[in-house]
Amino acid sequence: MHIHHDHIIGSAHDHEHSHSHTHEHTHDGVAHTHEHTHAHTHDHEHPHDHDHLHEEGQAHTHSHDCSSGCQGCPSQCEHTPMEELMALMKYMVGHNAAHAKELADLAVQLEKAGSHTAYEQVMAAVSDFEKGNMRLSVVLSSLEVK
Amino acid sequence: MCLSTVYKNSLTPESVVMRNVMRIECKDGVVILTDLMERQMAIEGTLEMANLVDGVAVVKESYPA
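Protein chains in written order, with the numbering used here: chain W, 1 to 146; chain V, 1 to 65.
No incorrect hints appear here.
Under 10 Å between C-beta atoms, here's a sample of chain V residues computed to sit facing chain W: (1) 2; (2) 3; (3) 20; (4) 22; (5) 36; (6) 37; (7) 39.
In short, the hints are calculated from the structure, not lab data. Here a beta-carbon is modelled for each residue, glycine too, at the ideal position from N, C-alpha and C.
Next comes chain W alone, as it looks inside the complex:
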């Protein structure tokens, strides 16, 4: 598990710091160069440290150099696209099964309310729905075998 602190990652910010540089300028009409140090306040991006929470809920700090947030960070917390698709697929199959049950419960309510035809039609729809979900389940199983 990986907490991404949205507010501190990859954001430009202002703060004051000093640095040295050399540039040409003139004194009494005579051009010359020398190094000098002065303060700057400007937007910039730089490597930084920040806290992450992992599954145990314990925060730790590590540093990285990024300019676009954690999305582009190839950490060990990342999953492959196929793993993500499989997880989504598994979720959808379970989710559809739950919806099928909800629809069946709704059909029973229609029956109790005196609409037997509606009950039969909704139960037929539930059956079709379950067939579709079964097909998804088979696809998921075949992907898990690979």
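Here the structure of chain W is known, so what remains is to put chain V in place on it, guided by the hints.
Okay, now just chain V, sitting in the frame of chain W:
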């Protein structure tokens, strides 16, 4: 019970901060989003809106960048 897409500040495509969100927690001024892969994102702010039919939510950031 459906997964949601969470936006920051406004419901625009470029404001999407996380998809397939399965859990949203609001704690101490921070909204913590968790997606299907158990990845988490913390945003300082408040949950402005959650439309559970459309599967969308908007988090209002406290200190916009």
